[in-house]
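Visitor: Sequence:
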Amino acid sequence: MRLPRTRTQLCSASPQRSPTLATILTDSQPARLAVTVDKGVLYVVATPIGNLTDISQRSIDVLAQVDLIAAEDTRHTMPLLRHLGVVTPLLAMHEHNEKALLERLIERLTAGQTMALVSDAGTPLISDPGYPLVRECQRRGIRVSPVPGACALIAALSVSGLATDRFRFEGFPLRTSSARQQQFRELVTESGTLVFYESSHRIRATLVDMARVFGAERHAVIARELTKLHETVISAQLGALSQIVESDANQQKGEFVLLVAGYRRNPDEVSPEALRVLDLLREELPLKQAAVLAARITGEKRNRLYQLALQRNQV
1130 MRLPRTRTQL
1140 CSASPQRSPT
1150 LATILTDSQP
1160 ARLAVTVDKG
1170 VLYVVATPIG
1180 NLTDISQRSI
1190 DVLAQVDLIA
1200 AEDTRHTMPL
1210 LRHLGVVTPL
1220 LAMHEHNEKA
1230 LLERLIERLT
1240 AGQTMALVSD
1250 AGTPLISDPG
1260 YPLVRECQRR
1270 GIRVSPVPGA
1280 CALIAALSVS
1290 GLATDRFRFE
1300 GFPLRTSSAR
1310 QQQFRELVTE
1320 SGTLVFYESS
1330 HRIRATLVDM
1340 ARVFGAERHA
1350 VIARELTKLH
1360 ETVISAQLGA
1370 LSQIVESDAN
1380 QQKGEFVLLV
1390 AGYRRNPDEV
1400 SPEALRVLDL
1410 LREELPLKQA
1420 AVLAARITGE
1430 KRNRLYQLAL
1440 QRNQV
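Numbering (my numbering), first residue to last: 1130 to 1444.
Think of the hints as simulated: they come from the structure by calculation, not from any bench.
Careful, some of the hints might be misleading.
Unchecked claim - Mimicking BS3-like on lysine-lysine, the simulated pairs with C-alpha atoms at most 30 Å apart in a straight line are:
hint, residue 1, residue 2
1, Lys1382, Lys1357
2, Lys1168, Lys1228
3, Lys1430, Lys1417
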């Protein structure tokens, strides 16, 4: 694949050092910087998350020159390589076989072969396989080199409008509703932006659980199908987001990044501990009784807890 032409050219660079921005000046004839791979190195290569033109020329060159590409799913990676004109041999390495393959791959690297690690999309190891291999390479002194590029986590953060100075990435939420809610309860008072990945068949249930635990009023963002044709980014309160997705089948399709604003308490807000107590009591008692008992336990106002119980019962 040929990427759009740029208007930069390398003017001068020491043969011992990589070029810096200071050595690149505007010119009408771009120059290709030679990319070579070193023996015995594992390259961790990012691939596009949707738009194929997001891949860098360096990524293409590395994929073309290594001896082997370890891919999460060869059925996903093969069409990309075919599109790029890359014919490097592929090996499937996923969560079910990566430990069994580990010693074999380490032996190849130790023997001087070069290898690239890729996931189905985005940056490897970010909720993807590869951690055991990278960890073992580091342990044995085998060089691991990043070839950076697209990452859905960072792309979503950059357009979310939520705070990016501190964030906590939680990967995919747990599968069952009860486990998810417990996971979310442990994050209720986290002050940094929370980031999750989610699949299309669990997005509705996850949003419902988020609204129940974090509160329907907590601000959040859904980033769907980033860099693809049907990319959407929706910013609203969790209760509203849940209703939007529930009522629009198109918003239930694709791949999702969910971002939840960090915890900020104001004087009129009920404490997370009071909400936790209220939710536990709601499971066993009528709403009014649950609110009265929760108020006695936590010291929060009974009427406020009752109104919240009504809201949370409707989510």
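Visitor: Now tell me, hint by hint, if it's right for this structure.
Guide: Here is how each hint holds up against the structure:
Taken as a hint, the Lys1382 and Lys1357 pair is honoured in the structure, with Cα atoms around 12 Å apart against an allowance of 30 Å. For the hint pairing Lys1168 with Lys1228, the CA-to-CA distance comes to about 23 Å; that is within 30 Å, so the pair holds. A hinted pair counts as satisfied when its Cα atoms are at most 30 Å apart, and Lys1430 with Lys1417 qualifies at roughly 13 Å.
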